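Participant: For reference, the chains in residue letters:
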Amino acid sequence: MSAEAVKQDDAPAEGSRDWRALLREIAESSALVVVMAVVASMVIGGLLIIFADPDVSDAAGYFFARPMDTFTAAWDAVSSAYTAMFRGSVWNYSADTFAQQFKPLTETLTMATPLIFAGLGLGIGFRAGLFNIGAQGQIIMGAMLGGWVGFAWHLPVGLHLLVAVVASALGGAIWGFIPGILKAKTGAHEVIVTIMLNYVAANLLAFALSQDAFQRPDSDNLQSPIVDTTAQYPLILGSSYRLHLGFLLAIAAAIGVWWLMERSTWGFRFRAVGANPRAARTAGMNVSFGIIAVMTIAGALAGLAGSAQILGTEKSLTTGIAGSFGFDAITVALLGRSRPMGTVFAGILFGAFKASGPTLQVAAGLPVDIVLILQSLIVLFIAAPPLVRFLFRLPTPTNEKVVAA
Amino acid sequence: MTATLEAPQTQEPEAVVETPKSWKMPILLGAVGLISFVVFGLGTPGGTETRFVLSQKSDALQIPVWHAPAQPFAIAATLALIALAGLSAWASANRRKLGVWLPIVYGVLLVFAILMWAGAGKSSTSIQVTGLLIGAVVLATPLVFGALAGVVCERSGIVNIAIEGQLLAGAFMAALVGSAAATATGSSTAGAYIGLLAAPVAGALIGLLLALFAVKYWVDQIVVGVVLNVLAVGLTNFFYGTVMKENTDLNQRIGLPDLPIPVLSHIPVIGPVLFDQNLLVYTMYVLVIVLNVMLFKSRWGLRVRAVGEHPKAADTVGIKVNRTRVRNTILGGAIAGLGGAFFTVASGLAFNKEMTGGKGYIALAAMILGRWSPKGALAAALFFGFADSLREQFGIIGTSIPSQFLAMLPYLATIFAVAGLVGHVRPPAAENQPYKK
Chain L
9 MSAEAVKQDD APAEGSRDWR ALLREIAESS ALVVVMAVVA SMVIGGLLII
59 FADPDVSDAA GYFFARPMDT FTAAWDAVSS AYTAMFRGSV WNYSADTFAQ
109 QFKPLTETLT MATPLIFAGL GLGIGFRAGL FNIGAQGQII MGAMLGGWVG
159 FAWHLPVGLH LLVAVVASAL GGAIWGFIPG ILKAKTGAHE VIVTIMLNYV
209 AANLLAFALS QDAFQRPDSD NLQSPIVDTT AQYPLILGSS YRLHLGFLLA
259 IAAAIGVWWL MERSTWGFRF RAVGANPRAA RTAGMNVSFG IIAVMTIAGA
309 LAGLAGSAQI LGTEKSLTTG IAGSFGFDAI TVALLGRSRP MGTVFAGILF
359 GAFKASGPTL QVAAGLPVDI VLILQSLIVL FIAAPPLVRF LFRLPTPTNE
409 KVVAA
Chain G
26 MTATLEAPQT QEPEAVVETP KSWKMPILLG AVGLISFVVF GLGTPGGTET
76 RFVLSQKSDA LQIPVWHAPA QPFAIAATLA LIALAGLSAW ASANRRKLGV
126 WLPIVYGVLL VFAILMWAGA GKSSTSIQVT GLLIGAVVLA TPLVFGALAG
176 VVCERSGIVN IAIEGQLLAG AFMAALVGSA AATATGSSTA GAYIGLLAAP
226 VAGALIGLLL ALFAVKYWVD QIVVGVVLNV LAVGLTNFFY GTVMKENTDL
276 NQRIGLPDLP IPVLSHIPVI GPVLFDQNLL VYTMYVLVIV LNVMLFKSRW
326 GLRVRAVGEH PKAADTVGIK VNRTRVRNTI LGGAIAGLGG AFFTVASGLA
376 FNKEMTGGKG YIALAAMILG RWSPKGALAA ALFFGFADSL REQFGIIGTS
426 IPSQFLAMLP YLATIFAVAG LVGHVRPPAA ENQPYKK
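Protein sequence lines, in the order shown, are assigned to chains L and G. For the first sequence, the positions run 9 to 413 when the working numbering is used. For the second sequence, the positions run 26 to 462 when the working numbering is used.
Calculated directly from the structure, the hints in this document are not laboratory data. Quick caveat, the model's predicted, so the values are computed rather than measured. Beta carbons are placed, not taken as given, at the ideal position from N, Cα and C, and that holds for glycine. Treat the hints loosely; a few may be bogus.
[To be verified] The calculated label-pair distances, taken between Cβ atoms and stated as ranges, are:
#, chain 1, residue 1, chain 2, residue 2, range
1, L, F106, G, E271, 21 to 29 Å
2, L, G331, G, Q87, 47 to 55 Å
3, L, A260, G, P427, 34 to 42 Å
4, L, T290, G, R324, 38 to 46 Å
5, L, S296, G, G420, 17 to 25 Å
6, G, K241, L, H162, 44 to 52 Å
7, L, A260, G, V136, 18 to 26 Å
8, L, L399, G, E379, 41 to 49 Å
9, G, K378, L, L399, 28 to 36 Å
10, L, D84, G, S212, 49 to 57 Å
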């Protein structure tokens, strides 16, 4: 995220400039705003942790007798939480071996994979003026169809994975096509239809898992058989890490989406439909077709997010296969400003948050939900640079870019 | 990073010059009618009967149980459906409008046929009509509040996706403050009423955040709304897992009592359904009427709608655009927060993680389905509530339909309604556009 912003905004910083101007440039840069947004969110998160910590409230009970105890307890609570998050998502410095120290980073990328896929799809929709809330349902359908091909079909190595991945994309695409065609042909609002289809998909999954065809023979729980090894994404860093080929596929998809939206005629049409449907129609573009195509492609990408879950991370279908990836992906796409690169970085950031949850709970004894609070605060602050500048008394840029909303 | 996030614009592509003959409604009604005729009409076994119970045991005036011969009634009702579809086709061919009575009558007949089919030959259970309707009103309550919140915000040009978060915050605050007050006063009823007062405050705070970011910082309103939902889930889960877990006194099961209205509550069927509810439901009745009158008949309403449709024109005649928007967004948040109290103190339940379960999004759908009017929102919310109640009723009498498909019923019905009956809807024109002078 910040790396991209640095590249964009500090590019004109040539060497010959004197340090005062450079300092000013840094203070005005949006990269600093991103950093400060993270800082502000962590401060607010820290206050909540202090507020909820029992040791702090115990120490605050005798605050006037020994005030330092309160501050020590507060510091301990906050630092244990944030170091736990770091150890859970980036680098576990307290682990014994290098392999274990490195593991959190791979977990982050594993968690980021479905977010990137689904976020890319939603981003295309947003740029075409379609507010698609249906990634959750599309992930479920993708995982269901891909998973079924994975455990019920038995195909040779290579072909099996390919067919399963295509099935996942198809499952998602169908679930994107329905709101697309309803919007294009009857004018049904895509927000309503996609919300409703999320529930329909969740119920379809629950129904499928209650049927014999999807039931694991030796289990009483609602779970499917494990996907054949031939249909699983290969692990790209060996068997000690969960990171799988799906991540590389997600990066490839990001490049593909960039090409589609920025370099192809279709992408131009999609953006035109989003910017001004009337003008697009007047210019002879088929708006209905554009809506259907965008929703179908978005659905296929969300379906691939389902494939990352079923063929890569989870390997067995349960009612919780989609987690909350579909809703998190909306935030990811919005934070990434609907651009492929932005979505990749936002996906990795949110993947890090997701990966840090278990460590946070075990090591710091905090509910994982603090992660949700931090996530939402960061997005809010990044979205409102004037607020961050006001909070940290940063100078207002003289030539702030105005972006069309 | 730049000043604002890019986000979708919800402008409808509309360039229809002459109204073409629209066949989608007759086709939809005809298809559903034919399927119903085969499944529910012919599928009902002959010689069986369905029992409809209209009175409750506690009613003073008892209406006898109606033993209806199932098959003739089911066939008659489904044939009437096909006839209505034919009428709709005739109207389309002549470019006539038939009004809203047709889908309503159609829906009632369809439900009647389904109930006949479901209850046929079940000697041990019967269809509890009053219970079905009570469930519809109760289950619709949070949706009505949520949808009204949406109407109040969106009519002034602020998209409120944060209804879900406002409901959740209201539910949490009602439980927290209500439980604390119940412990302090020693009376759970008093605690529940105090909780009811606290709920709108939490919703209004989220509304305030929405207004701050949308109006002052020009952040895309959909982005803010989505993020505020996540924030509300995070905050309530966090405090549920820390504060409420350590101190169970702060999350008790307290409930609002039912307040039967003296004479009216004794009317058969209607009495228990409408006039034997708690204070929150009565507040809902009043709010729908007041907002509908205020929005379309008062000076305030005219100004709000002007701000939502054409802020520049409103500003030109001296209406404070941004002030109106901030006020409406906070008011909307408070209304949704009050609706959140339904989940905890009005249902007699303790707070639980994410207990609103997406009802805020359904409320959003109800608002759009009701075309941004309080009256319409009420009708749409009752529709959802009824579908939900029907699902519960089916769960009790037991049918051959798998429960997961029954659970889909409200959502599928919505898709049919949106695609077949409502079609293009037009949101307030200045929605999601910050007003910059």
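Participant: Between A260/L and V136/G, is the Cβ distance one that fits in 18 to 26 Å?
Facilitator: The hint (18 to 26 Å, Cβ to Cβ) is violated, given that A260/L and V136/G are roughly 50 Å apart.
Participant: Cβ-Cβ distance between G331/L and Q87/G: within 47 to 55 Å?
Facilitator: Once the Cβ atoms are compared, 52 Å apart, the range 47 to 55 Å for Q87/G and G331/L holds.
Participant: Quick check on a hinted range of 38 to 46 Å for T290/L and R324/G, using CB atoms only.
Facilitator: Hint holds: Cβ distance 39 Å, inside 38 to 46 Å.
Participant: Given a hinted range of 21 to 29 Å, is it respected by the beta-carbon distance of F106/L and E271/G?
Facilitator: violated, 39 Å
Participant: Is the hinted range of 41 to 49 Å satisfied by the C-beta distance from L399/L to E379/G?
Facilitator: Since the Cβ atoms of L399/L and E379/G sit about 30 Å apart, the hinted range of 41 to 49 Å is violated.
Participant: Do K378/G and L399/L keep their Cβ atoms within the hinted range of 28 to 36 Å?
Facilitator: holds, 31 Å
Participant: Mind checking the hinted window 17 to 25 Å against the Cβ distance between S296/L and G420/G?
Facilitator: violated, 40 Å
Participant: Between K241/G and H162/L, does the beta-carbon spacing fit 44 to 52 Å?
Facilitator: Roughly 60 Å apart at Cβ, these two residues miss the hinted range, so it is violated.
Participant: Hint says 34 to 42 Å; check whether the CB-CB distance for A260/L and P427/G agrees.
Facilitator: Holds, since A260/L and P427/G (Cβ atoms, about 40 Å apart) stay within the stated range.
Participant: Can the suggested window of 49 to 57 Å be confirmed for the beta-carbon pair D84/L and S212/G?
Facilitator: With a Cβ separation near 40 Å, D84/L and S212/G fall outside 49 to 57 Å, so the hint is violated.
In terms of the numbered hints stated before, the structure departs from hints 1, 5, 6, 7, 8, 10, listed from lowest to highest.
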